[in-house]
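Engineer: Residue numbers (the working numbering), protein chains in the order written: chain A, 489 to 678; chain B, 489 to 678.
The set of hints was computed from the structure by calculation and includes no laboratory data. Worth double-checking, as some hints may not be accurate.
[Unchecked claim] Per label pair, the in silico range of CB-to-CB distance:
1) A:546 x B:540: 26 to 36 Å
2) A:502 x B:501: 21 to 31 Å
3) A:529 x B:546: 24 to 34 Å
4) B:523 x A:518: 14 to 24 Å
5) A:537 x B:512: 34 to 44 Å
6) A:559 x B:656: 19 to 29 Å
7) B:536 x A:497: 52 to 62 Å
8) B:570 x A:619: 42 to 52 Å
9) B:540 x A:543: 38 to 48 Å
10) B:573 x A:526: 38 to 48 Å
11) B:614 x A:672: 26 to 36 Å
12) A:591 x B:536: 35 to 45 Å
[Said to hold, decoys possible] Covered stretches of chain B, going by a simulated chain A footprint (3 or more residues, C-beta under 8 Å):
13) 645 to 651
14) 664 to 677
Virtual Cβ for every residue (Gly too), placed ideally from N, Cα, C.
2 protein chains.
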Amino acid sequence: MSIAERKGRDRAEREQRIVAAARVIAAREGWDAVTIRRLADEIEYSQPVLYSHFANRAAIVAAVAIEGFREFSAALTDAAACAGEQTIALEAVASAYLTFARSHAALYEAMFVLPTDLRFAKSDTQPELRAAFAALAAVVAPFCADVELVTETFWAALHGFAELERSGRIRPGARDARVALLVGAISQTA
Amino acid sequence: MSIAERKGRDRAEREQRIVAAARVIAAREGWDAVTIRRLADEIEYSQPVLYSHFANRAAIVAAVAIEGFREFSAALTDAAACAGEQTIALEAVASAYLTFARSHAALYEAMFVLPTDLRFAKSDTQPELRAAFAALAAVVAPFCADVELVTETFWAALHGFAELERSGRIRPGARDARVALLVGAISQTA
DNA sequence: GATATTATCTAGCGTTGCTAGATAAATAAT
DNA sequence: ATTATTTATCTAGCAACGCTAGATAATATC
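Whenever a hint applies, use it, and build me the whole structure from the sequences.
Structural biologist: Here it is in structure tokens:
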């Protein structure tokens, strides 16, 4: 069975190379530059091989997004762990969120902006998505009764900050002030 | 000069037909269905004619977005005017924002999600964009000293609500509760 | 060694945004 | 009134896209 196992490993490794290439190209040149031909070139196989791994281009973007969610929830959890007091944790997580969005712009775009079939708050929600939500909920929980409600609102505000800043519609310089305002509002919720 | 004037009018009218067609197709079938060929078909001219009106496809999307901003700020201003008390106005505007985003999804997408060169908070900001910001600022102003800061935050939260709800990532049923939470937080700002 | 299966490739379809070069129509100059 | 010039428009096509059918090579099975 060892040959079959090696083949399986090779396949998995090739699939990972596709995802990695997509991620690198997206980060450097934007998602428009991530074409099937370009990826095929990068992994040194013909284009149809990609379709033996992924149903279509969107599935490749989704695979990158999943990777992103893993790192994202790790970053948020870390931020919460490093901060001591509860209010500090809230602010640390909010800052970590915005830092992630800014320094992994293409990744964040795949996760939250580009059309995708990945869903939240549904039975078929991917565990990676759940983990990210849980990381936010954890730092919000001490301040409220309806955790889900406040977490959704916290998340939405952060997403709005990230998006409007990315598209140059709010002032980058006021970032900390906005975070402070948000954290203050949440920590004073009944 | 009357012939030249008529020509100018005809041209302007044709340009408007392009924008209108783009808007209708986007609303019915999504922005991917808005192709140059399709628009050319719709206005019954050849494709190159479109490029005598707009530099490229993105410019057509931007033209639709500008229309959207006009209607958007009108909707927000109306909501504020119809509401009496200040807190009520805040909530009315928040609700109007989300209703607009939901019932004009393609328009909202052109305004805030699709890549565009339209900018906020810059010297070259379009007046249509300024008006929308001003409409939000007007209802926020009574509750805070730093109006710009709180308006940005208000806006970001609403944008996050709209986007996360559109992509199925927060619960549509909790919409009113989230608005109430946001309005409560803003109206208690020092 | 013949047969079936799997892995991969070449070649191409239909569509996209966009443009060069040709043609027809309107205007200006003689 | 005829010619020249500018303006408006079209036909045709390029390069690139996502994706796939059908052919070929490599591997496994009998």
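Engineer: Run every hint past the structure and note whether it holds.
Structural biologist: Taking the hints in turn, this is what the structure says about them:
no. : hint                      : verdict
1   : A:546 x B:540: 26 to 36 Å : 35 Å, holds
2   : A:502 x B:501: 21 to 31 Å : 55 Å, violated
3   : A:529 x B:546: 24 to 34 Å : 27 Å, holds
4   : B:523 x A:518: 14 to 24 Å : 21 Å, holds
5   : A:537 x B:512: 34 to 44 Å : 40 Å, holds
6   : A:559 x B:656: 19 to 29 Å : 22 Å, holds
7   : B:536 x A:497: 52 to 62 Å : 53 Å, holds
8   : B:570 x A:619: 42 to 52 Å : 43 Å, holds
9   : B:540 x A:543: 38 to 48 Å : 40 Å, holds
10  : B:573 x A:526: 38 to 48 Å : 57 Å, violated
11  : B:614 x A:672: 26 to 36 Å : 33 Å, holds
12  : A:591 x B:536: 35 to 45 Å : 42 Å, holds
13  : 645 to 651                : holds (count 6)
14  : 664 to 677                : holds (count 8)
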